[in-house]
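J.: Listed below are the residues making up each chain.
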Amino acid sequence: MPLIEITDVRKRFGDNEVLKGIDLDVKPGEVIAIIGKSGSGKSTLLRCINGLEIIDGGSISVAGSQLLPDEVHLKALRLKVGMIFQQFNLFPHLTAGGNVILSQTVVKKTPKREAEAMARKMLERVGLAEKFDAYPDELSGGQQQRVAIARALAMEPIALLCDEVTSALDPELVAEVLAVVRELAAEGMTLLMVTHEMKFARDVCSRVVFMHQGRVHEIGPPEDVFAKPKTPELKQFLGVQ
Amino acid sequence: MMEFSTWDILRNLLLATRWTIVLSLVSFLGGGIVGALLLFLRIGGNRISTAFTRYYVELFQGTPLLMQLFLAFFGLGLFGINVPAWLAAGIALVLWTAAFLAEIWRGCVEAVARGQWEASASLGMGYVQQMRYVILPQALKVAIPPTVGFSVQVVKGTALTSIIGFVELSKAGTVVTNATFQPFTVYGLVALIYFALCWPLSKSSQALERKLNAAHRNH
Amino acid sequence: MTYTFSFTWLTEYYPVLLKGILVTIELIAVGGLFGVALGTACAWARALGPAWLKPLVSAYVELIRNTPFLIQLFFIFFGLPSLGLRLSELEAANLAMVVNLGAYSCEIVRAGIQATPRGQFEAGASLAMSPIQTFRYVVLVPALQRIWPALSSQVVIVMLGSAVVSQIAAEDLTFAANFIQSRSFRAFEAYFVTTAIYLALAILLRQALAAIGAMIFARRPAR
Numbered sequence: 004m005p006l007i008e009i010t011d012v013r014k015r016f017g018d019n020e021v022l023k024g025i026d027l028d029v030k031p032g033e034v035i036a037i038i039g040k041s042g043s044g045k046s047t048l049l050r051c052i053n054g055l056e057i058i059d060g061g062s063i064s065v066a067g068s069q070l071l072p073d074e075v076h077l078k079a080l081r082l083k084v085g086m087i088f089q090q091f092n093l094f095p096h097l098t099a100g101g102n103v104i105l106s107q108t109v110v111k112k113t114p115k116r117e118a119e120a121m122a123r124k125m126l127e128r129v130g131l132a133e134k135f136d137a138y139p140d141e142l143s144g145g146q147q148q149r150v151a152i153a154r155a156l157a158m159e160p161i162a163l164l165c166d167e168v169t170s171a172l173d174p175e176l177v178a179e180v181l182a183v184v185r186e187l188a189a190e191g192m193t194l195l196m197v198t199h200e201m202k203f204a205r206d207v208c209s210r211v212v213f214m215h216q217g218r219v220h221e222i223g224p225p226e227d228v229f230a231k232p233k234t235p236e237l238k239q240f241l242g243v244q
Numbered sequence: 465m466m467e468f469s470t471w472d473i474l475r476n477l478l479l480a481t482r483w484t485i486v487l488s489l490v491s492f493l494g495g496g497i498v499g500a501l502l503l504f505l506r507i508g509g510n511r512i513s514t515a516f517t518r519y520y521v522e523l524f525q526g527t528p529l530l531m532q533l534f535l536a537f538f539g540l541g542l543f544g545i546n547v548p549a550w551l552a553a554g555i556a557l558v559l560w561t562a563a564f565l566a567e568i569w570r571g572c573v574e575a576v577a578r579g580q581w582e583a584s585a586s587l588g589m590g591y592v593q594q595m596r597y598v599i600l601p602q603a604l605k606v607a608i609p610p611t612v613g614f615s616v617q618v619v620k621g622t623a624l625t626s627i628i629g630f631v632e633l634s635k636a637g638t639v640v641t642n643a644t645f646q647p648f649t650v651y652g653l654v655a656l657i658y659f660a661l662c663w664p665l666s667k668s669s670q671a672l673e674r675k676l677n678a679a680h681r682n683h
Numbered sequence: 106m107t108y109t110f111s112f113t114w115l116t117e118y119y120p121v122l123l124k125g126i127l128v129t130i131e132l133i134a135v136g137g138l139f140g141v142a143l144g145t146a147c148a149w150a151r152a153l154g155p156a157w158l159k160p161l162v163s164a165y166v167e168l169i170r171n172t173p174f175l176i177q178l179f180f181i182f183f184g185l186p187s188l189g190l191r192l193s194e195l196e197a198a199n200l201a202m203v204v205n206l207g208a209y210s211c212e213i214v215r216a217g218i219q220a221t222p223r224g225q226f227e228a229g230a231s232l233a234m235s236p237i238q239t240f241r242y243v244v245l246v247p248a249l250q251r252i253w254p255a256l257s258s259q260v261v262i263v264m265l266g267s268a269v270v271s272q273i274a275a276e277d278l279t280f281a282a283n284f285i286q287s288r289s290f291r292a293f294e295a296y297f298v299t300t301a302i303y304l305a306l307a308i309l310l311r312q313a314l315a316a317i318g319a320m321i322f323a324r325r326p327a328r
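Protein chains in written order, with the working numbering: chain A, 4 to 244; chain B, 465 to 683; chain C, 106 to 328.
In short, the hints are calculated from the structure, not lab data. Heads up, the beta-carbon is just placed ideally off N, CA and C, and yes, glycines get one too. Heads up, some of the hints might be wrong.
[To be verified] With a cut-off of at most 25 Å between alpha-carbon atoms, the simulated PhoX-like pairs for lysine-lysine come out as follows: (1) K675(B) x K159(C); (2) K202(A) x K238(A); (3) K159(C) x K667(B); (4) K231(A) x K30(A); (5) K23(A) x K40(A); (6) K238(A) x K40(A).
[As the list claims (entries may be wrong)] Restraint-style ranges between C-beta atoms, simulated for each label pair: (7) A164(C) x P95(A): 33 to 39 Å; (8) A164(C) x R475(B): 23 to 29 Å; (9) W157(C) x R518(B): 47 to 53 Å; (10) G541(B) x L309(C): 29 to 35 Å; (11) E159(A) x F322(C): 30 to 36 Å.
Bound-form chain A, shown alone (with noise of 0.2 Å):
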């Protein structure tokens, strides 16, 4: 059974139609990287799942359980569901240790000491543990979205959402972002990530989406849709003839 069901999900901006039937089916501990130029609906796609945006036609299911945009289902679906920004968004007027606490006791009611614990024990997963003081702003990009990162991880997701991770990071800083995402994909964590890094999708995911126009133009595994692309407009934005 599929962990995460989008099937003919439709959503417009005004008169423009941003996704126009998408399908897709994630089973549990696949990792898919979505692709495509900007305006393809790649990213408009993953906040949908979030429910940052609300549909307007088909639907999605999470682990059997329907996304409906009223607040109780919203909870439900994003205690499952994690979401990791382009701009990280972590809490400016928090510490690492605070960004990471807080929605543990504030959302699923975690004792704080409870909560604490957990945070050293997942800033310590992306290597931050030394950085639970530190506040966003002391913190290098890499170091705020790995925060961020922990973050997620902390309120136990089923799934993780990455929204072009490191499209606002400086170039030497990706690496390292890179890393943490390659070892959750490692330990089996459910992955949907909207990315850039061809070379990180080739390595670490078991399927590749090439968003076109706000539809699923190809689909498969990564050997197939980097080495033998069908469709010119794949082919095109790989830049091979």
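Assemble chains B and C onto chain A, guided by the hints.
T.: Using the frame of chain A, we list chains B and C on its own:
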């Protein structure tokens, strides 16, 4: 005892509103002139004039307008003049308005990018020319919305002159209340008249600001 | 000018002044605390609240911001008893301060909320926080920090505006000055000294608010 209809009350209040409007206009215009003088002393003058204007602003912004009215009223009396309330009210409000406008406008002049001073200086302009042709035209545009916004404070400020005995809208409210024993109706109407005076000013200030921001974004 | 200044009355009347100072401080403490709380609630309602609440809050804010504090005070003290709400001088003064500062701080805090990057709301949501939780734990503190200087200025303005509560015989600092001038016939000196005290209070209040801000927004470890 006489009976007062709501219309009687309103008519009396509206008659007094004339003086609120006149005093507001005088304070705003007078305050604008004095405020402009303060502004030039502040940004164009020497150390002494700068210090003077700083203390002036601090003094008038750091003390209650009511106290300023009392001091004008009783202070002028010390010179042996029998000061009419309207004169004390006018003087205090002009000086008070000047302090706030000078400060608002200083912010606007300082908001003009440093590069504009440097560019105009590099073209050989003197201080007065820089001000006249480069800085003020830009500062003026930014200054209009907050200046219109402050006019609301001036109109509301005139209410305090009732306390030293100037008969304007608020004072009329008290007088009419004492005659009619209908404080709810009377002060409700007084509030509505003030609202009718101030709200259009507030709204146009906001509209001007939006327009300015939109223009800036298009640059 | 033949007038000679005299401040000898101070020795007799300083307790009156002292009591007035305390009442003025009480007024701004109550007005500041509850006014900013009310303003924050209104700012939430206006920026993020349910649709039916927004016009109500807007009407309140516009009405207060476009009428003189003196009239608000008179309306509360003289007008409300005809609706059955009879307040003492001090209660009416306190209420007027809260209502007045509530409207001004609403607009200030709202500006702070609206300057919040959208990503902060989304990060809160993606961590399964409800909109209220996101507001309370994610948005509010940085928003207040952003507008703290403007809010502080407004509190000082309202403190200075409180001088008019003497007009309903609330016994604040200005009331004390009026009392002294009526007894000692030293009007100018009484108001001069009172004005100086207000200036000192304004400067102290500004510093106190800066200190409170530094305390609230201090960086502290998450433990």
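J.: Against this structure, judge whether each hint is valid.
T.: Status of the hints after comparison with the structure:
no., hint, in the structure
1, K675(B) x K159(C), "holds, 24 Å"
2, K202(A) x K238(A), "holds, 16 Å"
3, K159(C) x K667(B), "holds, 17 Å"
4, K231(A) x K30(A), "holds, 24 Å"
5, K23(A) x K40(A), "holds, 16 Å"
6, K238(A) x K40(A), "holds, 12 Å"
7, A164(C) x P95(A): 33 to 39 Å, "holds, 34 Å"
8, A164(C) x R475(B): 23 to 29 Å, "holds, 27 Å"
9, W157(C) x R518(B): 47 to 53 Å, "holds, 48 Å"
10, G541(B) x L309(C): 29 to 35 Å, "holds, 31 Å"
11, E159(A) x F322(C): 30 to 36 Å, "holds, 31 Å"
Checked against the numbered hints above, the structure breaks none of them.
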